[in-house]
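Student: Protein chains in written order, with the numbering used here: chain E, 27 to 140; chain Z, 122 to 235.
For the record, the hints were derived by calculation from the structure and aren't laboratory data.
Careful, some of the hints might be misleading.
[Said to hold, decoys possible] Taking CB as the label site, the calculated pair distances span:
1) Z:Gly172 <-> E:Ser40: 46 to 56 Å
2) Z:Pro160 <-> E:Thr38: 36 to 46 Å
3) Z:Ser182 <-> E:Glu102: 31 to 41 Å
4) Z:Thr233 <-> E:Asn48: 31 to 41 Å
5) Z:Ser188 <-> E:Thr38: 37 to 47 Å
6) Z:Thr128 <-> E:Pro66: 18 to 28 Å
[Stated by the list, open to error] Covered stretches of chain Z (in silico footprint by chain E; criterion: 3 or more residues with CB under 8 Å from a CB of chain E, positions within the stretch not fixed):
7) 141-149
8) 221-235
[Unchecked claim] Residues from chain Z that keep clear of chain E, each with C-beta distances beyond 12 Å, as calculated:
9) Val133
10) Val173
11) Asn174
12) Ser205
13) His206
Computed from a prediction, not measured in an experiment: that's the story for all the values here.
Ideal Cβ placement from N, Cα and C applies to all residues, glycine included.
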Amino acid sequence: GNSVTQMEGPVTLSEEAFLTINCTYTATGYPSLFWYVQYPGEGLQLLLKATKADDKGSNKGFEATYRKETTSFHLEKGSVQVSDSAVYFCALSDHNTNAGKSTFGDGTTLTVKP
Amino acid sequence: EADIYQTPRYLVIGTGKKITLECSQTMGHDKMYWYQQDPGMELHLIHYSYGVNSTEKGDLSSESTVSRIRTEHFPLTLESARPSHTSQYLCASSDGLAAGDTQYFGPGTRLTVL
Chain E
27 GNSVTQMEGP VTLSEEAFLT INCTYTATGY PSLFWYVQYP GEGLQLLLKA
77 TKADDKGSNK GFEATYRKET TSFHLEKGSV QVSDSAVYFC ALSDHNTNAG
127 KSTFGDGTTL TVKP
Chain Z
122 EADIYQTPRY LVIGTGKKIT LECSQTMGHD KMYWYQQDPG MELHLIHYSY
172 GVNSTEKGDL SSESTVSRIR TEHFPLTLES ARPSHTSQYL CASSDGLAAG
222 DTQYFGPGTR LTVL
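The shape of chain E in the complex, shown without the other chains (with noise of 0.2 Å):
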């Protein structure tokens, strides 16, 4: 079956420092790959998305690219910010296994400090 598997946090950073939440995902078919966030009191919310191999997602200054070989789609972003912090999660949905159901990680919470 389908499963993502992120770092654990929580994860602690100084404001304008580089971020990294590692994700490797497991599928038997052909994947689409989000980043999810979620901020305090709030669902989550799409932050970005790709639907293909070698394909780069990015919204607010975060990216993250659909790596086929190595399985996994990093979150990236060169400066965080105190207004970044939040929970974030990421997922697979394949649309012809699993019934087109997401499969999501556990999360990770970070935390930027100013």
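Based on the hints, put chain Z in the right spot on chain E.
Tutor: Relative to the frame of chain E, chain Z by itself:
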């Protein structure tokens, strides 16, 4: 901005009460989902629906039930609430696109059963 709504946002209720958590979306999505979120932030799929009159149990066993009589409405009911039902409940819908089935989440209902 996604148009998916959950009410109530917070609910504190006594053991044995029947409760219904409401979820509505105005995007015309056929697919809808209910997740239970741990304090550790993991998401567990408890119910999903692929359209009107379609409901399925998710990966995590739940004593709750759902119905889908209208496309836009996907309520979750607990016939007799117990303290073990205390959790955050997130509703989501998805656009069902073959290339990247993005999920849109509501703000969540935080349920406390005393």
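Student: With a cut-off of 8 Å between beta carbons, are at least three residues of the segment 221-235 of chain Z near chain E?
Tutor: holds (count 9)
Student: Compute the least Cβ-Cβ separation between Val133 of chain Z and chain E, then decide whether it is above 12 Å.
Tutor: For Val133 of chain Z, whose nearest Cβ neighbour in chain E is about 16 Å away, the distance exceeds 12 Å, so it holds.
Student: Do the beta carbons of Thr128 of chain Z and Pro66 of chain E sit within 18 to 28 Å of each other?
Tutor: Taking Cβ atoms as reference, Thr128 of chain Z and Pro66 of chain E lie about 20 Å apart, which means the hint holds.
Student: Lying within 31 to 41 Å: is that true of the beta-carbon distance Ser182 of chain Z to Glu102 of chain E?
Tutor: Holds, at about 37 Å.
Student: Hey, is Ser205 of chain Z genuinely clear of chain E, shortest beta carbon separation above 12 Å?
Tutor: holds, 21 Å
Student: Is the listed coverage of the segment 141-149 of chain Z by chain E valid when you require three or more residues with a beta carbon under 8 Å from a beta carbon of that chain?
Tutor: Per the Cβ count (0), the hint is violated.
Student: Holds or violated: 31 to 41 Å for the Cβ distance of Thr233 of chain Z and Asn48 of chain E?
Tutor: The hint (31 to 41 Å, Cβ to Cβ) holds, given that Thr233 of chain Z and Asn48 of chain E are roughly 34 Å apart.
Student: Could you check the hint for me, namely that Gly172 of chain Z and Ser40 of chain E are 46 to 56 Å apart, CB to CB?
Tutor: holds, 48 Å
Student: So Asn174 of chain Z supposedly isn't at the interface. Is its beta-carbon more than 12 Å from every beta-carbon in chain E?
Tutor: Non-interface label stands for Asn174 of chain Z: nearest chain E Cβ at 17 Å, farther than 12 Å.
Student: Do the beta carbons of Ser188 of chain Z and Thr38 of chain E sit within 37 to 47 Å of each other?
Tutor: Roughly 43 Å apart at Cβ, these two residues keep to the hinted range, so it holds.
Student: Take a quick look at His206 of chain Z and tell me if its Cβ sits farther than 12 Å from every Cβ on chain E, holds or violated.
Tutor: The claim stands: His206 of chain Z keeps its Cβ more than 12 Å from every Cβ of chain E (closest is about 19 Å).
Student: In this structure, is the beta-carbon distance linking Pro160 of chain Z and Thr38 of chain E contained in 36 to 46 Å?
Tutor: violated, 19 Å
Violated hints, in rising order: 2 and 7; the structure is consistent with all others.
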